[in-house]
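S.K.: Go ahead and model the full structure; you've got the sequences and the hints to work with.
Taken in order, these protein sequences are the chains called R and V.
Just so you know, we're using the numbering used here here: the first sequence kicks off at 1 and counts up by one.
Just so you know, we're using the numbering used here here: the second sequence kicks off at 1 and counts up by one.
Calculated directly from the structure, the hints in this document are not laboratory data.
Certain hints may be false.
It does not matter which identical chain is meant; a pair holds if it fits inside one copy or across any two.
[Said to hold, decoys possible] Simulated crosslink set (BS3-like; lysine-lysine; CA at most 25 Å straight-line):
1. K369 <-> K314
2. K186 <-> K314
3. K36 <-> K314
4. K196 <-> K336
5. K147 <-> K369
6. K225 <-> K369
7. K336 <-> K168
8. K314 <-> K426
9. K336 <-> K176
10. K262 <-> K196
11. K216 <-> K314
12. K196 <-> K287
Here is how the chains run, residue by residue.
There are 2 protein chains.
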Amino acid sequence: MSEYDAVIVGAGVIGLSTACHIKQKNPSLRVLVVDKFNAAGQGSTAKSMSAFRCLFSSRVNYLLSDSSVDFYGYVQKELGVDLKLLMVGYLWLLSIDDYGEMTPILRNLEAANNLKYMEYEADELASRLGVIVHLAGDEEAELMSLKDVYKGIFIPKAGIVDADCVVKFYEEEFLKLGGEIRYGVKVEDLIAEPCKPLGILGEPFFWQESRVSGVKTDCGIIKAKKTILAAGAWIPQLLDTVGVECFIKPKKRQVFAVEAEKPLLRRLLFTESFNSVGCMPFTILPKPRVLVRPFPVEEVFWLSYADDFPRAFKLEEDPQPEKNFYQYGIYQVLVKYFPQFKDCRPYSSFAGLYEINTMDGHPVVFEEKDLIVVGGASGSGIMKADAIGRIAAALYNGEDYAFLYGDRKFRVSDLSIKGRRVEPEKLQI
Amino acid sequence: MSEYDAVIVGAGVIGLSTACHIKQKNPSLRVLVVDKFNAAGQGSTAKSMSAFRCLFSSRVNYLLSDSSVDFYGYVQKELGVDLKLLMVGYLWLLSIDDYGEMTPILRNLEAANNLKYMEYEADELASRLGVIVHLAGDEEAELMSLKDVYKGIFIPKAGIVDADCVVKFYEEEFLKLGGEIRYGVKVEDLIAEPCKPLGILGEPFFWQESRVSGVKTDCGIIKAKKTILAAGAWIPQLLDTVGVECFIKPKKRQVFAVEAEKPLLRRLLFTESFNSVGCMPFTILPKPRVLVRPFPVEEVFWLSYADDFPRAFKLEEDPQPEKNFYQYGIYQVLVKYFPQFKDCRPYSSFAGLYEINTMDGHPVVFEEKDLIVVGGASGSGIMKADAIGRIAAALYNGEDYAFLYGDRKFRVSDLSIKGRRVEPEKLQI
Numbered sequence: 001m002s003e004y005d006a007v008i009v010g011a012g013v014i015g016l017s018t019a020c021h022i023k024q025k026n027p028s029l030r031v032l033v034v035d036k037f038n039a040a041g042q043g044s045t046a047k048s049m050s051a052f053r054c055l056f057s058s059r060v061n062y063l064l065s066d067s068s069v070d071f072y073g074y075v076q077k078e079l080g081v082d083l084k085l086l087m088v089g090y091l092w093l094l095s096i097d098d099y100g101e102m103t104p105i106l107r108n109l110e111a112a113n114n115l116k117y118m119e120y121e122a123d124e125l126a127s128r129l130g131v132i133v134h135l136a137g138d139e140e141a142e143l144m145s146l147k148d149v150y151k152g153i154f155i156p157k158a159g160i161v162d163a164d165c166v167v168k169f170y171e172e173e174f175l176k177l178g179g180e181i182r183y184g185v186k187v188e189d190l191i192a193e194p195c196k197p198l199g200i201l202g203e204p205f206f207w208q209e210s211r212v213s214g215v216k217t218d219c220g221i222i223k224a225k226k227t228i229l230a231a232g233a234w235i236p237q238l239l240d241t242v243g244v245e246c247f248i249k250p251k252k253r254q255v256f257a258v259e260a261e262k263p264l265l266r267r268l269l270f271t272e273s274f275n276s277v278g279c280m281p282f283t284i285l286p287k288p289r290v291l292v293r294p295f296p297v298e299e300v301f302w303l304s305y306a307d308d309f310p311r312a313f314k315l316e317e318d319p320q321p322e323k324n325f326y327q328y329g330i331y332q333v334l335v336k337y338f339p340q341f342k343d344c345r346p347y348s349s350f351a352g353l354y355e356i357n358t359m360d361g362h363p364v365v366f367e368e369k370d371l372i373v374v375g376g377a378s379g380s381g382i383m384k385a386d387a388i389g390r391i392a393a394a395l396y397n398g399e400d401y402a403f404l405y406g407d408r409k410f411r412v413s414d415l416s417i418k419g420r421r422v423e424p425e426k427l428q429i
Numbered sequence: 001m002s003e004y005d006a007v008i009v010g011a012g013v014i015g016l017s018t019a020c021h022i023k024q025k026n027p028s029l030r031v032l033v034v035d036k037f038n039a040a041g042q043g044s045t046a047k048s049m050s051a052f053r054c055l056f057s058s059r060v061n062y063l064l065s066d067s068s069v070d071f072y073g074y075v076q077k078e079l080g081v082d083l084k085l086l087m088v089g090y091l092w093l094l095s096i097d098d099y100g101e102m103t104p105i106l107r108n109l110e111a112a113n114n115l116k117y118m119e120y121e122a123d124e125l126a127s128r129l130g131v132i133v134h135l136a137g138d139e140e141a142e143l144m145s146l147k148d149v150y151k152g153i154f155i156p157k158a159g160i161v162d163a164d165c166v167v168k169f170y171e172e173e174f175l176k177l178g179g180e181i182r183y184g185v186k187v188e189d190l191i192a193e194p195c196k197p198l199g200i201l202g203e204p205f206f207w208q209e210s211r212v213s214g215v216k217t218d219c220g221i222i223k224a225k226k227t228i229l230a231a232g233a234w235i236p237q238l239l240d241t242v243g244v245e246c247f248i249k250p251k252k253r254q255v256f257a258v259e260a261e262k263p264l265l266r267r268l269l270f271t272e273s274f275n276s277v278g279c280m281p282f283t284i285l286p287k288p289r290v291l292v293r294p295f296p297v298e299e300v301f302w303l304s305y306a307d308d309f310p311r312a313f314k315l316e317e318d319p320q321p322e323k324n325f326y327q328y329g330i331y332q333v334l335v336k337y338f339p340q341f342k343d344c345r346p347y348s349s350f351a352g353l354y355e356i357n358t359m360d361g362h363p364v365v366f367e368e369k370d371l372i373v374v375g376g377a378s379g380s381g382i383m384k385a386d387a388i389g390r391i392a393a394a395l396y397n398g399e400d401y402a403f404l405y406g407d408r409k410f411r412v413s414d415l416s417i418k419g420r421r422v423e424p425e426k427l428q429i
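M.R.: Shown next as C-alpha cells:
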C-alpha cells in the first residue's frame, strides 16, 4: 500500500476546492479525496441555501467571500462554466435598531473596500415589494416582538449560485489535473503513529513524538504524508479521537421551499428593478432574521432561519426538517411582513448541518501533527470555498501567505488556532 | 412543584464550593444540589491527584490557587477541620531547556507575588533523592528523548490534601446553612422555556425569548430561577443539548499507586529536609512531565502523566486505567530518573476525567439565559475550587467583583466567555 502525498477527507465544496488548489500548486503530487457519499457535494453542501454576499463586518470574512465570488464570476464569464450564478443582490430589511447596528459596518466597508450599497426608505420598499413595514396595532406581531421596517439596504454584489455546479467545477478541475477521488469510502478514524516507529506493540507511547499518518476507512487504511480534514460538521467527531480541538460544533439548519404559484407570490418573486435578473433580491427580514431566497429558475422561494438558543449542537447522519419549525416559526414571522405568503405551505424541505466555529464565526485552517483541518465555515462555506481552498493549499505548501483570486494577499496563520487574527463577525445570519 | 432559587448540577468539589458560597451570601434562598452519585465528590473529584501548587504562569491561575490554598490552610488551622493538608512542596526537576522556560515565570511570580522558591543543583538533588541526573550513554533514555536534570526548583507553598475531606467540608457547611442535596439523581436534560410562556405546544419558538428554567432528571423535573452546571467533564454534553458553547472537553487521566515497600523506595518517600513533613516533595520529572506524588500516610507513591496528542477527548461513564500506560509509558521514564522503582508494579490504579478548557486552560464561569456554567478547571479543580466557588457566587448575585479568601478582589467577567481576560497558561502539567 503506497502512501499519498495528501488525503483529503470530504468531497464537499471546501474539500474539493482545497484538493483542486493543492493539485494546481503541486501537479506531480499524489492527492486523493475520499467521501462517504457516492458523489461530490452530497453532504451539507447539497443542503446549503447557495447564496453569497460580501457584506460581513470582519475584514477576513469580507476578503474570503469577496475574492471567492469574484472567482466564481470569472469561472462563469471567462471560463464559460455555467454555475447558475445570478447577481440578484441582498436586501436587508432593517428595524430602526438593526439600522443603527448596520450603519457603521456599511460605512466601514464602503471606506475600506469601496463596497457599493443603496438605501431604501420603508415606503419605497412597501410599494416595490408589497412588504408590510408598519406592524403597529398587530397584536400577534407584538407578541413575537417583531419590529417595523425602518429602512432597506441593498447590496448589488451578492446573489445566488448552484452549489452543485460549483462542486462539480472543482471536481472536474481536480480530476483533469490528475487528482484521485474515491466515493463511498467512509473514514472511521484517524491513524496516529510515532514519527520514528520502533515496531513495539502499543505505539505510539507518550514519550514518542507522534503524528497523523492517514485514515482508517471502511475500505481499509489509507496512508498519507498529510491528512486533510474537510468533512464539515463531522470534523470535530474525528478530531476528538486524537484529542485535537477545532472549535467547531454541528447545528441543524432547515430550508423550506414554497412555490410561487399564486399571482401575488409570482409578482413578488419576479419583482423588477432591483437587479438585471428581474427577480426579488435575497431578502433578510428584521430580527429575528428570517431569510427569503429567490429561486427564479424553479419559480420558488427558499425560506430559512438559523436558530440559536436552544437549538442543540448535534451531529446527525440524516438531519430532518421539522414541520413545526416552518408552521409556528418561519411562517408566523414571514406572513407579518409578506402577507403574500398567507396560507402557503412548503411543497418540499431539507435540512443540513452547519459547521459553526464557536470562537468567532470564521473558518479555521490549521495544521497539527501532519493533520490539516479546513472547516468551520459557519454556514458560508460556498461563498468562501475558493479562498479557503487557496489558504489550505498555501498551508499545505508551508507558505506564510496565500494569494486569493484577484491577487489578494492573505496571511495563512490568520485562520489558524494559535496565531489566529480575526475580529468577531457581527453579521451572521 | 415549587421553584428553587438555584439548582446546582454536580456535588463535586466545584459544585459544593459554589453551593456553599451562594448559600453563605444568600442564607434565605432555597439552593439545591443534585448529583447522580450517592455521595459527595464521587466523580472526577475522587479521581484527582489531590495536590496543590501556586506555581502558574498566569495571573488568574495564580490568584485562584493561591487564595484557595490559603483558605484550606485556614480551614485546617483555624477552624480545626482536618483536610489532611500537608505542605510537602513541589519539586520541579528541569532539563536545561525546561529551566530556560521556567526562569522568567519564576522571576515574574517572585516580583509580582513574592513567591518563594529555592534552586537546587543537579548534584545536590542526586545526593538527596538518589535521582539520576546524567542520562548520557543510556540508549533507552536517548530513544525516549529524555534529558539530563540540570537544576531543581522547589516551591514550599504547595503540597497535598485529601479531596474527600475538602468536599465533605463544603458539604457540611452547605447543609449547616440550610442547603439541600439530593444524591442519586441523574440530570438528563436542561429545560428551555419561553420567558413569557403562551401555553402553545412546541414552545419555545425562535421568535420568543427563552431561558433555561431547570433540569429534567431521572426522578422528575426540577425548576429553578438559575440553573448552575458544575458537572465537570459532563458539562459539554448537557450544554450541547441547548447549543451553548463552553470550550470544555473531557479527557482521561490515570493514576497508578506503587507501595513504598522496598527500603530504597521507603527512603525516597521519606526523604527529609525538603519540608517539615519529612517526605519527598510532589515531584515533576523533566519533559515529558511524569508526576510523582508522595502519599506518606499510606506509604505509597501516586504516579501519573497527563498525556496530550493522540489521547482522545472522550466522555466515559467509568474510565479505566490502562496497564500499558504504566508499563510502557510512566514506568519506562520514571525508572530512568528513579531506579529505586525498578521492577515495581502498581498495586492499584484509577482513572478520572479532566474537564479541559481548550481555549486557555483556565476555568470558565459564565451565565447565559439563566444558566450558569462553572467548570473547565483543567485538572486543577481542587486547588482552585474555593476561589471558583466564590466567583460563581458573585456571578449568581450579579456582582462585578468577587472577593477571594484573603480579600483579594477578582473581576468576575475575567472568567466569562465574552469578556474573558486571561493569559494562556504555560505550566500545565
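S.K.: For K147 and K369, with the copy left unspecified, which applies at a CA distance of at most 25 Å: within, between, both, or neither?
M.R.: Result: close only across copies, 22 Å inter versus 50 Å intra.
S.K.: Can you give me the call for K314 and K426, within, between, both or neither, at a CA distance of at most 25 Å?
M.R.: within (24 Å within a copy, 33 Å between copies)
S.K.: Under a CA distance limit of 25 Å, which applies to K225 and K369: within one copy, between copies, both, or neither?
M.R.: Classified as within; 10 Å inside a copy, 46 Å across copies.
S.K.: Treating 25 Å as the Cα threshold, decide for K196 and K336: within, between, both or neither.
M.R.: between (65 Å within a copy, 21 Å between copies)
S.K.: How would you label the pair K36, K314 (within, between, both, or neither) given a Cα cut-off of 25 Å?
M.R.: both (19 Å within a copy, 24 Å between copies)
S.K.: Within a copy, between copies, both or neither: which one fits K336 and K168 at a CA-CA cutoff of 25 Å?
M.R.: neither (39 Å within a copy, 58 Å between copies)
S.K.: Go through the copies and call it for K336 and K176: within, between, both or neither, with a Cα cutoff of 25 Å.
M.R.: neither (50 Å within a copy, 56 Å between copies)
S.K.: Is it within, between, both or neither when you check K186 against K314 at 25 Å Cα-Cα?
M.R.: Close inside one copy (20 Å) and across copies (21 Å); limit 25 Å.
S.K.: Using 25 Å as the alpha-carbon threshold, which applies to K196 and K287: within, between, both, or neither?
M.R.: between (56 Å within a copy, 18 Å between copies)
S.K.: At 25 Å max between alpha carbons, let me know whether K216 reaches K314 within a copy, between copies, both or neither.
M.R.: Answer is both; intra-copy 24 Å and inter-copy 19 Å each pass.
S.K.: If the cut is 25 Å between Cα atoms, do K369 and K314 qualify within a copy, between copies, both or neither?
M.R.: between (27 Å within a copy, 20 Å between copies)
S.K.: Is it within, between, both or neither when you check K262 against K196 at 25 Å Cα-Cα?
M.R.: neither (69 Å within a copy, 36 Å between copies)
Going down the numbered hints, you'll see the structure goes against 7, 9, 10, while the others check out.
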